[in-house]
Amino acid sequence: MSHHKAAKVRAIQEICGHMFENRELIESAITHPSAAEGLPVSASYERLEFLGDSVLGAIVAESLFKSFPQFDEGKLTRLKISLVSGETLSEVGAEIGLADCIIFGASEAGTGARGLHSALENVYEALVGALYLDGGRAVAEDFIMRTLKPHLATERAERPSNPKSFLQECIQRDKAEPPVYKVVGTAGPAHSPTFTSVVFVGGVRAGRGEGSSKKEAEAAAARDALERLGFTKEGVVTPRKNA
Numbered sequence: 001m002s003h004h005k006a007a008k009v010r011a012i013q014e015i016c017g018h019m020f021e022n023r024e025l026i027e028s029a030i031t032h033p034s035a036a037e038g039l040p041v042s043a044s045y046e047r048l049e050f051l052g053d054s055v056l057g058a059i060v061a062e063s064l065f066k067s068f069p070q071f072d073e074g075k076l077t078r079l080k081i082s083l084v085s086g087e088t089l090s091e092v093g094a095e096i097g098l099a100d101c102i103i104f105g106a107s108e109a110g111t112g113a114r115g116l117h118s119a120l121e122n123v124y125e126a127l128v129g130a131l132y133l134d135g136g137r138a139v140a141e142d143f144i145m146r147t148l149k150p151h152l153a154t155e156r157a158e159r160p161s162n163p164k165s166f167l168q169e170c171i172q173r174d175k176a177e178p179p180v181y182k183v184v185g186t187a188g189p190a191h192s193p194t195f196t197s198v199v200f201v202g203g204v205r206a207g208r209g210e211g212s213s214k215k216e217a218e219a220a221a222a223r224d225a226l227e228r229l230g231f232t233k234e235g236v237v238t239p240r241k242n243a
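Counting from 1, one number per residue, gives the positions in the sequence shown under the working numbering.
Treat the hints with care, as some may be off.
Said to hold, decoys possible - In the BS3-like style, the derived pairs of lysine-lysine whose C-alpha atoms are separated by at most 27 Å in a straight line are:
1. K182 with K214
2. K66 with K80
3. K233 with K182
4. K149 with K8
5. K215 with K75
6. K214 with K233
7. K164 with K75
8. K80 with K164
9. K215 with K233
10. K182 with K75
11. K215 with K80
12. K182 with K80
13. K233 with K80
14. K8 with K66
15. K182 with K164
16. K149 with K66
17. K75 with K149
18. K215 with K182
19. K214 with K149
20. K214 with K164
21. K149 with K80
22. K149 with K233
Stated by the list, open to error - Using C-beta positions, here's what the derived DEER-type ranges look like:
23. R205 with A94: 34 to 40 Å
24. E234 with P150: 16 to 22 Å
25. P150 with F71: 36 to 42 Å
26. A94 with K233: 28 to 34 Å
27. G17 with R205: 28 to 34 Å
28. R137 with K214: 36 to 42 Å
29. R208 with K75: 38 to 44 Å
30. A187 with A138: 19 to 25 Å
31. R10 with A187: 52 to 58 Å
32. L51 with S85: 14 to 20 Å
33. E216 with E24: 32 to 38 Å
34. I15 with R205: 42 to 48 Å
35. E234 with S192: 41 to 47 Å
In case anyone wonders, no lab produced these hints; they're calculated from the structure.
Virtual Cβ for every residue (Gly too), placed ideally from N, Cα, C.
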C-alpha cells in the first residue's frame, strides 16, 4: 500500500471510530471507480455502496419507527427519505471529512464540485456497508447515529420530499389538470449549465425555478408554486381544513 493510500485509510478509520480487521473493505469503501479501472469490481466502492444503501435504510427506518410512535407511514417515509437523500448524505460526508479521504483516479480530476458531491454520498453508503461487514450491525448503527442524528429535524417529516409529486397531488385534489413544466432558459458553460423552468397550473404560470439539471429546475419551480399557491409555507406543508 502506498504511503498516500495508507494515510487516507488511517484518517477514515479515525472518522469511523473503528479499526478494520479486513483492510480490503475499508480501502474499497474510499476508492472511486476511476481509481479502480482494470481491477476487479470489488476494488471500488460500488458493491459496498449497494449493501450500505440497504443497511442505512433499515437502520434509519427502525430508529424512526421507535422514536416517533405518533407518526403515520407517510410522515415516517418523508422523514426517512429526507435523511437518506443524496443531498443529506453528501452534506454529512463533507462535514465529517470524507472529501480528503477519497481515492480518485486521474480521469475524475476535472469533474469538480459535482463529481465530489456524488462521491461523498456514495462513500458514506459504502462505509456503512463496510462497517456492517467488518464489525456487525451495532458498529454500523453507531456510525449512522453519530453522523446522521444531528440532521434529524422532525419538521422534515412535514416537508414534501418530492415537490413535483406533492404539487400534482395538491392540484388534482382540487380536481384540476396536472401541472405542466416548460424549460424557458439555459445559461452558463456547456459542462456546468443552469436551467430555468416554469410550471403552469390551469394554464397560468404558478412558479419558476433554477437548477443544474432540468429535473432540479422543475423541482425548484414546483417548490415555488407550492409556496405561492399556499400549499406550503417556508417549505413546510400547511394544514388544510378539508384534509
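Do the hints match the structure? See the list:
{"no.": "1", "hint": "K182 with K214", "result": "holds, 9 Å"}
{"no.": "2", "hint": "K66 with K80", "result": "holds, 13 Å"}
{"no.": "3", "hint": "K233 with K182", "result": "holds, 24 Å"}
{"no.": "4", "hint": "K149 with K8", "result": "holds, 25 Å"}
{"no.": "5", "hint": "K215 with K75", "result": "holds, 24 Å"}
{"no.": "6", "hint": "K214 with K233", "result": "holds, 24 Å"}
{"no.": "7", "hint": "K164 with K75", "result": "holds, 17 Å"}
{"no.": "8", "hint": "K80 with K164", "result": "holds, 18 Å"}
{"no.": "9", "hint": "K215 with K233", "result": "holds, 22 Å"}
{"no.": "10", "hint": "K182 with K75", "result": "violated, 30 Å"}
{"no.": "11", "hint": "K215 with K80", "result": "holds, 21 Å"}
{"no.": "12", "hint": "K182 with K80", "result": "violated, 30 Å"}
{"no.": "13", "hint": "K233 with K80", "result": "holds, 21 Å"}
{"no.": "14", "hint": "K8 with K66", "result": "violated, 36 Å"}
{"no.": "15", "hint": "K182 with K164", "result": "holds, 13 Å"}
{"no.": "16", "hint": "K149 with K66", "result": "holds, 14 Å"}
{"no.": "17", "hint": "K75 with K149", "result": "holds, 17 Å"}
{"no.": "18", "hint": "K215 with K182", "result": "holds, 11 Å"}
{"no.": "19", "hint": "K214 with K149", "result": "violated, 32 Å"}
{"no.": "20", "hint": "K214 with K164", "result": "holds, 12 Å"}
{"no.": "21", "hint": "K149 with K80", "result": "holds, 12 Å"}
{"no.": "22", "hint": "K149 with K233", "result": "holds, 25 Å"}
{"no.": "23", "hint": "R205 with A94: 34 to 40 Å", "result": "holds, 36 Å"}
{"no.": "24", "hint": "E234 with P150: 16 to 22 Å", "result": "holds, 21 Å"}
{"no.": "25", "hint": "P150 with F71: 36 to 42 Å", "result": "violated, 20 Å"}
{"no.": "26", "hint": "A94 with K233: 28 to 34 Å", "result": "holds, 29 Å"}
{"no.": "27", "hint": "G17 with R205: 28 to 34 Å", "result": "violated, 51 Å"}
{"no.": "28", "hint": "R137 with K214: 36 to 42 Å", "result": "holds, 40 Å"}
{"no.": "29", "hint": "R208 with K75: 38 to 44 Å", "result": "violated, 29 Å"}
{"no.": "30", "hint": "A187 with A138: 19 to 25 Å", "result": "violated, 49 Å"}
{"no.": "31", "hint": "R10 with A187: 52 to 58 Å", "result": "violated, 44 Å"}
{"no.": "32", "hint": "L51 with S85: 14 to 20 Å", "result": "holds, 19 Å"}
{"no.": "33", "hint": "E216 with E24: 32 to 38 Å", "result": "holds, 37 Å"}
{"no.": "34", "hint": "I15 with R205: 42 to 48 Å", "result": "holds, 47 Å"}
{"no.": "35", "hint": "E234 with S192: 41 to 47 Å", "result": "violated, 29 Å"}
The structure fails hints 10, 12, 14, 19, 25, 27, 29, 30, 31, 35 (numbered hints given earlier, in ascending order).
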